[in-house]
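Novice: Taken in sequence, the protein lines are chains A and B.
Using numbering that gives the first Met the number 0, the first residue of the first sequence is number 0, and each one after it goes up by one.
Using numbering that gives the first Met the number 0, the first residue of the second sequence is number 0, and each one after it goes up by one.
Just to be clear, a hint being listed does not mean it is correct.
Claimed, not checked - Label pairs and their calculated CB-CB ranges:
1. A/Glu28 with B/Asp446: 50 to 60 Å
2. A/Met226 with B/Asn325: 18 to 28 Å
3. B/Gln360 with A/Thr23: 33 to 43 Å
As the list claims (entries may be wrong) - Sample of chain A residues at the chain B side, in silico, Cβ under 10 Å:
4. Lys16
5. Phe17
6. Leu24
7. Glu25
8. Arg51
9. Val57
10. Asp101
11. Pro104
12. Tyr109
13. Gln135
14. Ala186
15. Tyr205
16. Thr208
17. Met209
These aren't lab readings, by the way, just hints derived from the structure by calculation.
It should be emphasised that the depicted structure is a prediction, and the values quoted were computed from it without experimental measurement.
Quick reminder that beta carbons are idealized off the backbone N, C-alpha and C, glycines included.
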Amino acid sequence: MQVTLKIFRYNPEVDKKFHYETYTLEAEETDRILDLLEHVKGYHDGSLSFRRSCAHGVCGSDAMRINGKNMLACKALVRDVGDRITVEPLLGLKVEKDLIVDMEPFFDNYKKVLPYFINDSPLPADGRERLQSPEQRARFDDTTKCILCAACTTSCPSYWGSDDYIGPAALVTAHRFIYDSRDEAAAERMHIVSETSGLARCHTIYNCTMACPRDIQITKAIGELKMTSLTGKLD
Amino acid sequence: MANVHQFEVVVVGAGGAGLMAGLYASRGAKTAVISKLYPTRSHTGAAQGGISAALGNYEEDKPDWHTYDTVKGSDYLGDQDAIEFMTNEAIEAVLELEHMGLPFDRTPEGRISQRPFGGHTNNETGKPVRRACHAADRTGHMILQTLYQQCLKNKVNFFDEFQVLDFLIVNGKTAGVVAVELATGELHTFHAKSVIFATGGHGRIFEVTSNAYAYTGDGAAVLLRRGLPLEDMEFFQFHPTGIYKLGILITEGVRGEGGVLINGAGERFMPKYAPTIKDLASRDIVSRAIYTEIREGRGVNGKNYVYLDVRPETVNKYAAMDGRTNPDGSPYTITGEQVLAKLPDIIDFCRVYLGVDPLTQMMPIQPTAHYTMGGIPTNKYGEVVIDDQKTVFPGLYAAGECACVSVHGGNRLGCNSLLDLVVFGKHAGLRAAEYANQADYQDLPADAEAESMSQFDTLRHGSGKENAFTISTELKKVMFDDVGIYRNEKGMTEALEKVKALQARFKEVCVKDAGRIFNTELLNAWELGNMLEVAEVIAACALNRKESRGGHSREDYPNRDDENWLKHTLAWKQDGKVTVGYKPVTITKYQPKARVY
Numbered sequence: 000m001q002v003t004l005k006i007f008r009y010n011p012e013v014d015k016k017f018h019y020e021t022y023t024l025e026a027e028e029t030d031r032i033l034d035l036l037e038h039v040k041g042y043h044d045g046s047l048s049f050r051r052s053c054a055h056g057v058c059g060s061d062a063m064r065i066n067g068k069n070m071l072a073c074k075a076l077v078r079d080v081g082d083r084i085t086v087e088p089l090l091g092l093k094v095e096k097d098l099i100v101d102m103e104p105f106f107d108n109y110k111k112v113l114p115y116f117i118n119d120s121p122l123p124a125d126g127r128e129r130l131q132s133p134e135q136r137a138r139f140d141d142t143t144k145c146i147l148c149a150a151c152t153t154s155c156p157s158y159w160g161s162d163d164y165i166g167p168a169a170l171v172t173a174h175r176f177i178y179d180s181r182d183e184a185a186a187e188r189m190h191i192v193s194e195t196s197g198l199a200r201c202h203t204i205y206n207c208t209m210a211c212p213r214d215i216q217i218t219k220a221i222g223e224l225k226m227t228s229l230t231g232k233l234d
Numbered sequence: 000m001a002n003v004h005q006f007e008v009v010v011v012g013a014g015g016a017g018l019m020a021g022l023y024a025s026r027g028a029k030t031a032v033i034s035k036l037y038p039t040r041s042h043t044g045a046a047q048g049g050i051s052a053a054l055g056n057y058e059e060d061k062p063d064w065h066t067y068d069t070v071k072g073s074d075y076l077g078d079q080d081a082i083e084f085m086t087n088e089a090i091e092a093v094l095e096l097e098h099m100g101l102p103f104d105r106t107p108e109g110r111i112s113q114r115p116f117g118g119h120t121n122n123e124t125g126k127p128v129r130r131a132c133h134a135a136d137r138t139g140h141m142i143l144q145t146l147y148q149q150c151l152k153n154k155v156n157f158f159d160e161f162q163v164l165d166f167l168i169v170n171g172k173t174a175g176v177v178a179v180e181l182a183t184g185e186l187h188t189f190h191a192k193s194v195i196f197a198t199g200g201h202g203r204i205f206e207v208t209s210n211a212y213a214y215t216g217d218g219a220a221v222l223l224r225r226g227l228p229l230e231d232m233e234f235f236q237f238h239p240t241g242i243y244k245l246g247i248l249i250t251e252g253v254r255g256e257g258g259v260l261i262n263g264a265g266e267r268f269m270p271k272y273a274p275t276i277k278d279l280a281s282r283d284i285v286s287r288a289i290y291t292e293i294r295e296g297r298g299v300n301g302k303n304y305v306y307l308d309v310r311p312e313t314v315n316k317y318a319a320m321d322g323r324t325n326p327d328g329s330p331y332t333i334t335g336e337q338v339l340a341k342l343p344d345i346i347d348f349c350r351v352y353l354g355v356d357p358l359t360q361m362m363p364i365q366p367t368a369h370y371t372m373g374g375i376p377t378n379k380y381g382e383v384v385i386d387d388q389k390t391v392f393p394g395l396y397a398a399g400e401c402a403c404v405s406v407h408g409g410n411r412l413g414c415n416s417l418l419d420l421v422v423f424g425k426h427a428g429l430r431a432a433e434y435a436n437q438a439d440y441q442d443l444p445a446d447a448e449a450e451s452m453s454q455f456d457t458l459r460h461g462s463g464k465e466n467a468f469t470i471s472t473e474l475k476k477v478m479f480d481d482v483g484i485y486r487n488e489k490g491m492t493e494a495l496e497k498v499k500a501l502q503a504r505f506k507e508v509c510v511k512d513a514g515r516i517f518n519t520e521l522l523n524a525w526e527l528g529n530m531l532e533v534a535e536v537i538a539a540c541a542l543n544r545k546e547s548r549g550g551h552s553r554e555d556y557p558n559r560d561d562e563n564w565l566k567h568t569l570a571w572k573q574d575g576k577v578t579v580g581y582k583p584v585t586i587t588k589y590q591p592k593a594r595v596y
């Protein structure tokens, strides 16, 4: 089948402002949008720039807007998005070139929530694992799936409209540790996410949940954090 | 040289091995970790099924069994001292990951859960043993995240999206590396006492692969250009179960949970090839079995694929026939919900890419290029050794998939890759810091960036008669077809000639993007140069080894030949040609014998 691929282009070394270029390509229904971008880069214009690595939805490199929705280019198939395809960079982060955005502010927000396991208590005397029941493990399973692709955060109107909101991805990371029965810094993290730059900026719009390529129930996770923030209870 | 940095230890690559090395090195020395990707994009994150350690959380297991299984899996080419070292460190390594917060799945008692995997056996009964420690089917993702998080906690210095282009040698010792910052196009020189390469593999040279775009053999190619040897490059693993055509990995954990392979005639065929452990035989054996079925006309609809079936009714039927039991002795059964809980990503991949629901349909699969057994020669401490005399190159280390210790020999066992990168990443980091503490910096050469600039200039000033993408496509096809699962003299000779012709054509490539900011055209062309270098070495070494062993399977020499070939290959690139040497295999307890599963 034939598809029309319209791609956002911006090269700061040449262009005063962005423009779009349109390519007509032969494609299979099962082609990934990433395959189409690779084809354009390989045979039409080598300067087209985008990030990619694993090509099957687990590394988080190639989040972009496809027909207006945040997706991973390697997980969106032609049959899912149709034969008229517009590809644009994520919103809310500075465009560096074509589909590449500045990820530093995103990772800066991630780093704010103490995104690492904290437990300064002595290890079990036998040196073995800290015990955790399957139920305790299941409590935070969903938020361990995050690949930091930024699809959620950059789909969030509150993030677009705010200078300091840490965004849903950072809250997902906070959730992953706060509800881990082995971690000891839940109170400290709750303090961080309860600042005005945190939970208060979430207005339950659900864009994040819709955008997540890992199907994490982000709005639910943020809701749980809000409840803990109100009640002080982790259960 | 505008941008010069000085670190005692520089780690190149930020996957599992690089992060582990960075974490340990930074405790003893000023350390930087440089990666062409953001660390969390690294290919460790794609590992699914588990990490091996004889924890014995469900049933009896011991490091000795793990050692023997690894030796047998390697087809006796693995160095047994290094394998013993790794399997003995395994328990501590996995527990350390748990202590770092890694969210392993749990047993009912709250311990780390384990599942069966290919080639993991109880050495007394020969039956599968639960040795693969897992976090659903995203164990690699959790290891990568956990290690990155611990690096942030310990304030490790990162240079994200910096591509290392060259390794600097002064007075025969390590002096540093040169890298390009992708965001600006500027070259940076990292002056260092110790350099650790943890740059991953090179599966992208094959047409059908589970590997990330980033897997272009950069580390191996950079060192090869600087005159260092590579070891056992003819050994590449083809994983039996990649998604048909796409090559996306379907973890062996599917078969660990009871999934079986089914041919076009609807028969379960693995019992013919591995009567005792059937679908859980070593990967090389299962991949060849699939190809044999296909060649003998039992592919599905005459095509080059078979099915992997994890539908609960199938699993339960064959588990009953095999007499498989739970740890408490009750018959093993599984429900659709349990399959979904244990293998959520696999189910998702099949639904997204194939429109197939593995809970109700069979998955079309074919072998996919998966893992680089060969690589930069090291000893068990991660020190790079440059000849057959165990001579260490001062200040140079390698760990993870880019390295060849060799613990995997001719064929890697599932779950030993994650173990490898944690164990040897740690020891490379420790050794590199130790060396840096007693060594001096070598003076940087005045023209440190010259080699890197010259490589880029060449790419920018080709005639433009050739297209890099076309060359890349042709390379992948010839390597997959003729230096793939089955190999022979004629095919490999032609492949080697083809690769050399492609190298010549590559000189006519011209990178048209003249910009500096995120010049991915230039980066990809440079990566293609690396792939062409590495592919030539692989084809030459494969042609040279006249026997079949592990993943290296020759139709014209179908048997293992211990008398002549129980030895490692070393390969150098000299005067534009690959030269080959050898070094002995270390054998401690296990004398080579026939390999039966």
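Novice: None of the hints should be skipped; say for each whether it holds.
Specialist: These are the hints, each one checked on the structure:
no., hint, result
1, A/Glu28 with B/Asp446: 50 to 60 Å, "holds (53 Å)"
2, A/Met226 with B/Asn325: 18 to 28 Å, "violated (38 Å)"
3, B/Gln360 with A/Thr23: 33 to 43 Å, "holds (34 Å)"
4, Lys16, "violated (16 Å)"
5, Phe17, "violated (14 Å)"
6, Leu24, "violated (14 Å)"
7, Glu25, "violated (15 Å)"
8, Arg51, "holds (6 Å)"
9, Val57, "holds (5 Å)"
10, Asp101, "holds (8 Å)"
11, Pro104, "violated (13 Å)"
12, Tyr109, "holds (9 Å)"
13, Gln135, "holds (8 Å)"
14, Ala186, "violated (17 Å)"
15, Tyr205, "violated (20 Å)"
16, Thr208, "violated (16 Å)"
17, Met209, "violated (16 Å)"
Going down the numbered hints, you'll see the structure goes against 2, 4, 5, 6, 7, 11, 14, 15, 16, 17, while the others check out.
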